[in-house]
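Heads up, the sequence shown is in the UniProt record's numbering, so the first residue is 1 and it goes up one at a time.
In case anyone wonders, no lab produced these hints; they're calculated from the structure. Check before you lean on any hint, since a few could be wrong.
[Unchecked claim] Mimicking EDC-like on lysine to aspartate or glutamate, the simulated pairs with C-alpha atoms at most 20 Å apart in a straight line are:
1) K134 - D70
2) K118 - E49
3) K118 - D70
4) K134 - E58
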Amino acid sequence: MAILRLIFNIAWFVLGGFIMGLAWWLAGLLCFISIIGIPFGRACFVIGEMTFWPFGQEQMNRRHLTGQEDLGTGAFGTVGNIIWFLLFGIWLAIGHITHALACFVTIIGIPFGIQHLKLAMLSLTPIGQTVVAKA
Numbered sequence: 001m002a003i004l005r006l007i008f009n010i011a012w013f014v015l016g017g018f019i020m021g022l023a024w025w026l027a028g029l030l031c032f033i034s035i036i037g038i039p040f041g042r043a044c045f046v047i048g049e050m051t052f053w054p055f056g057q058e059q060m061n062r063r064h065l066t067g068q069e070d071l072g073t074g075a076f077g078t079v080g081n082i083i084w085f086l087l088f089g090i091w092l093a094i095g096h097i098t099h100a101l102a103c104f105v106t107i108i109g110i111p112f113g114i115q116h117l118k119l120a121m122l123s124l125t126p127i128g129q130t131v132v133a134k135a
């Protein structure tokens, strides 16, 4: 199974993962301009790393993972997600959807398109989410 993940991750990196990972990191750098944006920027770098090598990883709500509510999973997280959506989320989602449509053109690209759609959903509301390794 590990060899298949490696093959899929390498193909993913070449077929759009590199570009979208850089887009996440650029959004993270822009977030670091203000002190308020630092938690957003940190999340961008974590999700950007997942965007470079997504196979073998998945996103999960921190509340479901830890069983506890924290700052990002409560009301502040909702406000943060709304701000995020308006500033960066919609643009990252459009980028992932565009790549997904390009991947869906071929049968081989279907798993990559599905992964882009998962990342598009994550890009809309990333606050309160975390990245975990699949078992």
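Taking 20 Å as the top limit, are the C-alpha atoms of K118 and D70 close enough? Since the Cα atoms of K118 and D70 sit roughly 24 Å apart, the hinted pair is violated (cutoff 20 Å).
Pair hint outcome, K134 versus E58 [Cα-Cα no greater than 20 Å]: Status holds; Cα separation ~7 Å.
Would you mind confirming whether the straight-line C-alpha gap from K118 to E49 stays at or under 20 Å? holds, 15 Å
Can the restraint linking K134 and D70 be considered satisfied, given a maximum Cα separation of 20 Å? violated, 23 Å
Hints 1, 3 from the list above are not met by this structure, while the remaining hints are.
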